[in-house]
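Engineer: Protein sequences appear in the order of chains L and H.
Per our numbering, the first sequence starts with residue 1, numbered consecutively.
Per our numbering, the second sequence starts with residue 1, numbered consecutively.
Hint data in this document are derived by calculation from the structure and do not stem from the laboratory.
Just to be clear, a hint being listed does not mean it is correct.
Straight-line distance between alpha carbons at most 25 Å, and here's what the computed DSS-like set of lysine-lysine pairs gives [stated by the list, open to error]:
1. L:Lys228 / L:Lys347
2. L:Lys347 / L:Lys118
3. L:Lys466 / H:Lys97
4. L:Lys233 / H:Lys178
5. H:Lys257 / L:Lys167
6. H:Lys217 / L:Lys167
7. L:Lys278 / L:Lys568
8. H:Lys68 / L:Lys463
9. L:Lys431 / L:Lys463
10. H:Lys70 / L:Lys463
11. H:Lys97 / L:Lys496
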Amino acid sequence: MNGLEKHLSRRQLLRLLGIGSTGAVLAACGASQTASPTQAPAAKATDAPAAPAATEVPKPTDAPAPTEASKAAAQTLIIGRGGDSVALDPAVVTDGESARVCTAVYDTLTIIEGTSTKVVPWLAESWDTKDSKVWTFKLRSGVKFHDGTECNADAVKFNFDRWMDPKNPYRYADQKYEYWDTEMSSVVDKVDVVDPSTIKISLKDPSSLLLVKLTLFNFAIASPTAIKEQKEKYATQTGKPVGTGRFKFDSWVPNDKITVVRNDDWWGNTANLAYTQKPLLEKIIWRSIPDNSTRFAEYQAGTLDMADLAQTDALTLKGNPEYTETTSPSLAVGYIAFNQAVKPFDKVEVRKAWAHAVNWDAIITTFYGEYAKRATCFQPPAILGHNPEIKAYEYSPEKAKELLKAAGLENGFETDFWYIPVVRGYFPDSKALAEAMAADLAKVGIKLNLKTEDWGAYLKDRKDGKFASWALGWGSDNGDPDNFIGYHFIWSDPTKPNIEDSYNNPKLQELLQKGRTEPDAANREKLYKQAEQIVHDDVPRIPVAWPEGVSFTKKYIKGDKPLVFRDKYELFSVEK
Amino acid sequence: MPNPVRLDDQPNRIHYWLMGSYIFRRILMVIPVLIVVSFVSFGFIRLIKGDPVQIMLGERAPAEEVEKFKQQMGLNDPMPIQYLRYMQQLLQGNMGKSLITRVPVTTELAYRLPATIEAIFFALLIGVTVGVSMGVLAAIKRNTAIDLIANMVALLGVAMPVFWLALVMIYLFGVFLKILPPGARIDANIVIPPITGFYLIDSLLHGRTDWFVDALKHMVMPSLVLSTTVMPSIMRLTRASMLEVLRADYIRTARAKGLKMGSVILRHALRNALLPVITTIGLQIGGLLGGAILTENAFSWTGMGQWFFGAISRRDYPVLQAAILLNATIFVIMTMLVDISYALIDPRIRYK
Chain L
1 MNGLEKHLSR RQLLRLLGIG STGAVLAACG ASQTASPTQA PAAKATDAPA
51 APAATEVPKP TDAPAPTEAS KAAAQTLIIG RGGDSVALDP AVVTDGESAR
101 VCTAVYDTLT IIEGTSTKVV PWLAESWDTK DSKVWTFKLR SGVKFHDGTE
151 CNADAVKFNF DRWMDPKNPY RYADQKYEYW DTEMSSVVDK VDVVDPSTIK
201 ISLKDPSSLL LVKLTLFNFA IASPTAIKEQ KEKYATQTGK PVGTGRFKFD
251 SWVPNDKITV VRNDDWWGNT ANLAYTQKPL LEKIIWRSIP DNSTRFAEYQ
301 AGTLDMADLA QTDALTLKGN PEYTETTSPS LAVGYIAFNQ AVKPFDKVEV
351 RKAWAHAVNW DAIITTFYGE YAKRATCFQP PAILGHNPEI KAYEYSPEKA
401 KELLKAAGLE NGFETDFWYI PVVRGYFPDS KALAEAMAAD LAKVGIKLNL
451 KTEDWGAYLK DRKDGKFASW ALGWGSDNGD PDNFIGYHFI WSDPTKPNIE
501 DSYNNPKLQE LLQKGRTEPD AANREKLYKQ AEQIVHDDVP RIPVAWPEGV
551 SFTKKYIKGD KPLVFRDKYE LFSVEK
Chain H
1 MPNPVRLDDQ PNRIHYWLMG SYIFRRILMV IPVLIVVSFV SFGFIRLIKG
51 DPVQIMLGER APAEEVEKFK QQMGLNDPMP IQYLRYMQQL LQGNMGKSLI
101 TRVPVTTELA YRLPATIEAI FFALLIGVTV GVSMGVLAAI KRNTAIDLIA
151 NMVALLGVAM PVFWLALVMI YLFGVFLKIL PPGARIDANI VIPPITGFYL
201 IDSLLHGRTD WFVDALKHMV MPSLVLSTTV MPSIMRLTRA SMLEVLRADY
251 IRTARAKGLK MGSVILRHAL RNALLPVITT IGLQIGGLLG GAILTENAFS
301 WTGMGQWFFG AISRRDYPVL QAAILLNATI FVIMTMLVDI SYALIDPRIR
351 YK
């Protein structure tokens, strides 16, 4: 989630509590499924529940009164979420709330299969490359945008031109093409139209990551006609997004709701793809309800069919016969980190002593309940390169004392430890957890001064290397290890270690860099497994927990399947 | 002992002149106050720790990115420069753009304001109607059970935090009884094309009474909850003022003339007792704006209160500045109007 997470985080922050839910957030922050090498996030969709309020468009009604509404009305899904979309132009947004709507309205060239993280054809019907450098994509024919114009090679090129060229006339002040700039600008060299249904993408260097990057919702294809007509208003609150997706944009009442209706002319209806189906819902409404308690109340009242809930709220639905509980595998990790530029964390014995001094299993049970697993290595099992041979650091105060002695610190030491000021799936109660950990550490002579500060300041100070040791976590954006272990340990400046942790291991750098270009999945896995082992031995981080997603879906929402890294609105139906 | 207003008092020229000059002076006094307000609103927010850019760009934003963005937004300039730029734009009617959504503050204000006005209007309506009736009843039935109950209700109204009351009502009427919608301004399936931004007016302009009824239903709980911020003080003021008036000579005279008690209370007593009440209602609007922040948030009411609430946790400076400035301005203007209304009602004020 690069960008995505940004957003999520902001949203969560807003909510003060931010995690999880009935649908989504938890999931988004980290839950998903087993995977293979790959990636793309696309909006992690909420799994959302669907809906009660039977009503049709313009018809007032109280929530749960089932009217003799037409079937159409019944196939309306109302989703409650913590904030509004920023805009519905996928090229310029990064937030999860925009992504959710964009993935319903737009299609990308490739898509994640869903039950696996395999990349499969979408707007691109097939592709071919000889050297991983020049890729030729054959586009599906007869695909139309919602405005009736054709989605052909020229339209696709128009989109690429707008993303790639800072001087493109259809880019406007205030617009940042962040995803393109971070994910693609160093990869793609040029894009050419071969014939009306074929485009050629030439890369700067061979890369096997192109296909997976194209599944990102930000690289969805928008109607050139609409972009030209609406200019800077395109897909903003006062504009209208036009894509080729399953759902057509209907209306946007800022900060209140966004409505989309089914696109009955959707190309996928006739494409017969094994991994998708004709959408059953006729209408989706996303309602912004910033207050967690209110959103939860509305979910219970029946005015929402699905809702993103705070985990504390969601768990109160446990055992309630109206809801189905589902957990999804972890895609996140909560960890303790050390700044090796600060003494005594320059000594590996000290970091290791810390890892052995704490009874992590007890901490997991206490603070995560059944919704997390003890992390045995850095990446959870769903991420490629997870190394099942690594054993978690066992709880042994004696061993910790020996290690401290070996480091010349038999009398222990004192240090600052920073815990996060917000609620996250990976650290649901960071302060209490820090206290429990401090109690264990005190027994071997390590005295912690617990500290925290405003979230924004916390993130910045950590990045600037101002913390000696701290707590933080990560949720995968796309299932790819480069976005997980790679993100944390590759030096942003290739000549020197990152300031935040001053962790210097050239061998690890080499492995992680290789992982970026190695085209073969099995070889990549080997590289990342080795990287995991190095991280385990050097202890630059102590992985603590792999939080799982938990959601409580209304029983009348049918069709849910555990898809990962893509939306699945086509699966849901409302059967009350 | 208040003097009863003589309704037949005919002002002469000197009266008009004095009053005009009073009003003029009073308006002039507002200007320095507003300048101080703008200064405070600008400076105060910047004293709070927390970097809006880091929050906005997220925990993964690289430091250079953050720096570049700050440069762009002018957040690195010296404070006085930032302030002058802010004031210059403000005078041109430009309140900046939200740091988060990049939507101009004035654009968002345009549709958020009607929502808040609608809620405040109904809250005042309820607050005044109920407050005044309870106050009158309590005064007439002084020291009876009715008086006691009215006082207790008022006390409860003061004591209950609005966000708590809101949640209790949402659960009671929305979740369990399911007789009122638990939140929002209108049913999720209804989209009212905006004309004035006031849902109740727009629904009628579109000729949709069903929309109107639905909007009205959504109005009930928020306005009730919001009304509790003003109702207690109105009730107690009415009661106190009524008690004083009822002891006045002219009431005794009216009774002695043989007028019925009901008519005395309505035509003679209430009329005079309400004067202080009416003037304080202006001041109450300030309190309502404060109450609206929590109430709107609790009912997902897309008004100004909800907007400001969100802006606080996001350190959305331009929105917060607008919020502080607007609230303070409304308060200052209301105070001014109250002062002027005193002058209109009580001639003695003008001469001072």
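Engineer: Please go over all the hints and tell whether each is borne out by the structure.
Structural biologist: Status of each hint after checking the structure:
1. L:Lys228 / L:Lys347: Status violated; Cα separation ~59 Å.
2. L:Lys347 / L:Lys118: 41 Å, violated
3. L:Lys466 / H:Lys97: 32 Å, violated
4. L:Lys233 / H:Lys178: 40 Å, violated
5. H:Lys257 / L:Lys167: Since the Cα atoms of Lys257 (chain H) and Lys167 (chain L) sit roughly 88 Å apart, the hinted pair is violated (cutoff 25 Å).
6. H:Lys217 / L:Lys167: The hint is violated at about 51 Å.
7. L:Lys278 / L:Lys568: Cα-Cα ~11 Å, so holds.
8. H:Lys68 / L:Lys463: Answer holds: Lys68 (chain H) to Lys463 (chain L) is near 16 Å, not above 25 Å.
9. L:Lys431 / L:Lys463: 20 Å, holds
10. H:Lys70 / L:Lys463: 17 Å, holds
11. H:Lys97 / L:Lys496: 39 Å, violated
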